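So the protein lines, in turn, are chains E and U.
FYI, UniProt numbering numbers position 452 of the first sequence as 452, with every residue one higher than the one before it.
FYI, UniProt numbering numbers position 10 of the second sequence as 10, with every residue one higher than the one before it.
Read the hints as simulated data drawn from the structure, not as lab findings.
Predicted, not measured: the structure shown is a model, and the values here were computed from it.
We put the CB at the ideal spot given by N, CA and C, even for glycine.
Worth double-checking, as some hints may not be accurate.
[Said to hold, decoys possible] Simulated coverage check for chain U against chain E, where a stretch passes if three residues somewhere in it have a Cβ under 8 Å from a Cβ of chain E:
| # | segment |
| --- | --- |
| 1 | 48-58 |
| 2 | 132-138 |
[What the hints assert, rightly or not] Here are the simulated BS3-like cross-link-like pairs (lysine-lysine), alpha carbons at most 30 Å apart as the crow flies:
| # | chain 1 | residue 1 | chain 2 | residue 2 |
| --- | --- | --- | --- | --- |
| 3 | E | K17 | E | K118 |
| 4 | E | K370 | U | K247 |
| 5 | E | K224 | U | K297 |
| 6 | U | K256 | E | K297 |
| 7 | E | K294 | U | K247 |
| 8 | U | K144 | E | K370 |
| 9 | E | K259 | U | K256 |
| 10 | U | K36 | U | K88 |
| 11 | E | K223 | E | K98 |
| 12 | E | K131 | E | K14 |
Spelled out from the first residue to the last, the chains are:
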Amino acid sequence: MTKEEKQRLRKEKKQQKKNKEKKDDNASQESEKEKKSVSSSSSAPQPPTQPATQKGGSSCCSLKNVHDMVQKVTLILIFPVVKRLPEHIQVDNPDVLKKLAKKLERQQIPLRLDYGYKVSLFSHLHQYSRKAPLTQQLSIPSSVIHPAIVRLGLQYSQGIVAGSNARSVALLHAFKQVIRDYTTPPNEELSRDLVNKLKPYISFLNQCRPLSASMGNAIKYIKKEISNIPSQCKEEEAKGKLLNCIECYINEKIILAAKAIAKYAIEKISDGDVILVYGCSSLVNHILCEAFEKNRKFRVIVVDSRPRLEGREALRRLVQRGISCTYVLISAVSYILPEVSKVFLGAHALLANGYVMSRVGTSQIALVAKAFNVPVLVCCETYKFCERVQTDSFVSNELDDPDDLIVTRKGKTQLEDWQQVPLLGLLNLVYDVTPPDFVDLVITDLGMIPCTSVPVVLRVKNVDL
Amino acid sequence: LESLVEYFRAQMRKDPDMASAVAAIRTLLEFLKRDKGETILGLRESLTSATDCLTGVDSSVAVSSGGELFLRFISLTSLEHQDLSRCKKVMEERGELFLEKISMSRAKVAKLCHTFIKDGAKILTHSYSRVVLRVLEKAAAEKKRFSVYVTESQPDAAGRQMAEALRKLNVPVTVVLDAAVGYVLEKVDLVIVGAEGVVESGGIINKIGTYQMAVCSKAHNKPFYVVAESFKFVRLYPLNQQDVPDKFKYKADTLKTVQNLSEEHPMIDYTPPSLITLLFTDLGVLTPSAVSDELIKLYL
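When you get a sec, could you build the whole thing from the sequences and use the hints?
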C-alpha cells in the first residue's frame with residue numbers, strides 16, 4: 001500500500017464528511033458505477049495490510065481476497081456516499097478539474113486542454129482539437145504507458161478507429177498485448193498489481209477520447225477476471241488464462257452475438273423490402289450482407305450526415321456485395337420515407353430506462369419514421385447495455401473537434417476565422433438519445449425484445465454474472 | 001396421427017366451452033401416454049410433429065402457443081432421470097399438473113377483472129370470447145348492473161352467439177354492426193376484448209375488427225382492456241399487420257385449399273401495445289410492457 005493511496009484515502013474521508021454536511025439524503029446503493037468511472041482509484045480495493053487504523057474499524061480491511069462487492073458495501077456503510085457524477089461531464093466545475101489534474105499528475109499522464117469556445121449548453125463537456133493529440137505532450141518512448149496503448153490512444157483521438165465495436169475490440173487487443181508483456185514485480189501479486197497498472201492506461205485513453213459504454217463494460221469484465229485470479233497461480237498460467245478470457249469475451253459478445261442477431265433480423269426482412277439505414281453501423285451492415293447471402297430481395301437507402309459522412313463507408317461496403325443502394329443526406333429523409341418499409345438502426349449503448357444512445361441524427365430519423373408509421377428496429381449486442389439512465393442528450397455527450405464543421409467550397413472557407421468572432425460557437429455533437437416510444441423492436445443476441453424490456457435483460461444478466 | 005386428430009375433434013365436441021388450446025394440450029398429453037418411443041429426443045420430435053399436425057386442423061395462434069408451452073413445461077425434467085419410463089412418468093405427471101393449472105386460469109382472470117366493472121357501466125366487446133363471457137358472468141354474480149354492446153363480427157356472426165349467451169345471464173345486450181363501433185363508442189365506458197394470442201411486444205392477435213376498435217377507443221380516450229390466459233403468450237413479434245404469418249391469418253381449411261390467398265379475407269388482425277391499457281391474465285394484471293418480462297420468464 002503506497003503512500004499515495006494512503007493520502008488518497010484520507011482525502012476521500014474528508015471529502016465525504018463535507019458531502020454529508022451539504023446533502024440531506026446520504027445512503028445511495030448505486031454509487032458503484034459512478035465511483036468506478038470517477039477517478040477510478042477512489043474506489044480502490046481495501047488496503048490489504050493496513051487495517052483498522054486507517055479506516056476506523058472497517059470490518060473487511062485485512063482480508064485480501066474479499067470480493068469486490070463486499071468491499072464496496074462496507075465502504076458504503078462506513079461512509080454513506082452521495083452519488084457522484086463522473087468527471088467528464090463536470091468540466092465547468094473548477095474543483096473537479098483540479099482533482100483530475102492532480103490525479104493525472106500522480107499517474108504521470110499529461111492533461112489535455114480544451115479547445116475553442118464552447119456553446120453554453122454544453123460547457124460541462126470536454127472539447128478537444130484533433131490537431132493537438134495527447135501524444136505530442138508525451139515523451140516517446142513513454143515509461144509509464146505501454147506503447148500499444150499509446151498507439152491505441154492516438155488511433156482513437158484521430159478517429160482512425162471509430163465505431164463502438166471497433167473501439168472495444170481494439171481496446172481488448174491492446175490489453176492482450178499489455179498482459180503478454182507484463183511481468184509481476186517482486187513482492188507483488190499479479191491480481192492486484194495488474195489492475196493498478198491498467199488504471200493509468202485507462203485514464204490516458206479517457207483523455208484521448210472519452211470511453212464508450214461498451215468499452216466501460218469490457219474494462220469492468222477484465223478487471224473482474226484479473227482480481228479473480230487465485231494467488232497461488234503461476235504467472236505464465238495466469239497470463240494464459242487472462243488472454244483466453246479476453247479471446248472468449250470478444251468471440252462470444254461480439255462475433256457470435258453478431259451472428260445470432262443476424263439470424264433474428266433476417267426473419268424480419270421480407271422480399272421486396274426497402275430498408276433505410278443511417279451512418280455506418282458494423283452490425284447493421286453485417287445483417288444486410290447476411291440477408292443478401294440468403295437471397296432476400298431488398299434494396300437499401302443509406303442516409304448520411306455531415307461532418308463525418310460515415311454513410312459513404314456503409315455505401316461502399318454494401319455496393320461491393322452487390323446490394324442495390326440509394327444515398328441521401330439527412331435533410332431529405334422526410335422526402336424519401338414514404339418509400340421505406342423498415343428502418344434499421346445501430347446503437348452505441350442501450351440505457352436502463354429503454355433510451356437508445358446512438359450517433360447524432362438517429363433520434364431525428366426515428367422521430368420522422370414514427371410520424372410516417374414505419375417500423376424502427378434497433379440492433380444492439382447485450383454487452384452494450386448499461387445501467388445509466390438518461391432522458392436527454394445534454395447531460396452526458398461528447399463534443400467532437402469544432403474545426404470539422406469548417407468546409408471549403410469553391411475556394412472559399414467561410415468559417416475559418418470562427419475563433420475571432422466573439423460569441424460564435426461551433427457545435428459538433430457526437431451522440432444523441434432516442435426515447436423508447438419511437439423504437440418498435442430491439443434485436444439482441446438474446447432475442448427480439450421491446451425497448452422497455454432492457455432493465456429485464458440487465459437483471460437477468462446480473463443474475464448470470 | 002389420424003387418431004390424434006380424431007381425439008382432438010372429440011375433445012372439442014365434448015366441451016364446447018373449453019379453449020381450443022386446452023383441447024390441444026389434452027390431446028398432446030394423450031399422445032405422450034400412447035407414445036412408444038425409445039429416446040427423449042425422439043419423443044420431443046414426435047410431440048413437435050403432433051403439434052404441427054394439430055395446427056393443421058385448427059390454425060389459431062393459441063393452439064401453437066399452447067403446444068410449445070406444454071413442450072417446455074414437461075421437458076424441463078428430462079435431464080434428471082436416466083430411465084426412460086421413469087422420465088415419461090414424470091413428464092406425464094407434469095403434463096397433468098400443467099393441464100390442471102390452465103383449467104383454473106379462466107377463473108383467475110375473471111376474479112381479477114370483474115372489479116374493474118363498476119356499477120352502471122356500459123361495456124363494448126367484440127365477437128364471441130369465452131373468457132370475456134366468464135368475466136361478465138362473474139361481474140353479474142357480484143350483483144353489478146351493467147349493459148353490453150357486442151359487435152356482430154362478420155363473416156361468421158359470432159357476436160350473435162355472444163349476445164345469446166349474455167341474454168341467458170339477464171344482462172341487457174345490444175348487437176351493433178362492425179361499422180358502428182365509432183358511433184357507439186361515445187356511449188360506452190370501457191372496452192373489453194379477449195385474445196387469441198398475446199405477442200412479445202405486448203400486443204394481441206384477435207378476431208378481425210379488434211384493431212379498429214382499439215384505434216377508436218384510443219381516439220375517444222376509453223380504456224381498452226384485454227383478457228387472456230397465460231398459455232396464449234406466443235413468441236411472435238409482428239411489426240405491423242402484414243408481418244403476422246399467413247398460417248395464423250386464415251382458417252386451416254382455407255390455407256390447404258385456396259391457391260391465391262390475396263383474395264381471401266383474413267380472420268385475425270394485430271393490435272399494437274400502444275393502444276392497449278391493461279391485460280388481465282392468470283399471472284396478474286399486466287401493462288403491455290410487462291408482457292415481455294413474463295415471456296422472458298416463461299421461455300428463457
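Okay, the hints, checked on the actual structure:
no., hint, verdict
1, 48-58, "violated (count 0)"
2, 132-138, "violated (count 0)"
3, E:K17 with E:K118, "34 Å, violated"
4, E:K370 with U:K247, "28 Å, holds"
5, E:K224 with U:K297, "28 Å, holds"
6, U:K256 with E:K297, "27 Å, holds"
7, E:K294 with U:K247, "22 Å, holds"
8, U:K144 with E:K370, "42 Å, violated"
9, E:K259 with U:K256, "35 Å, violated"
10, U:K36 with U:K88, "10 Å, holds"
11, E:K223 with E:K98, "27 Å, holds"
12, E:K131 with E:K14, "40 Å, violated"
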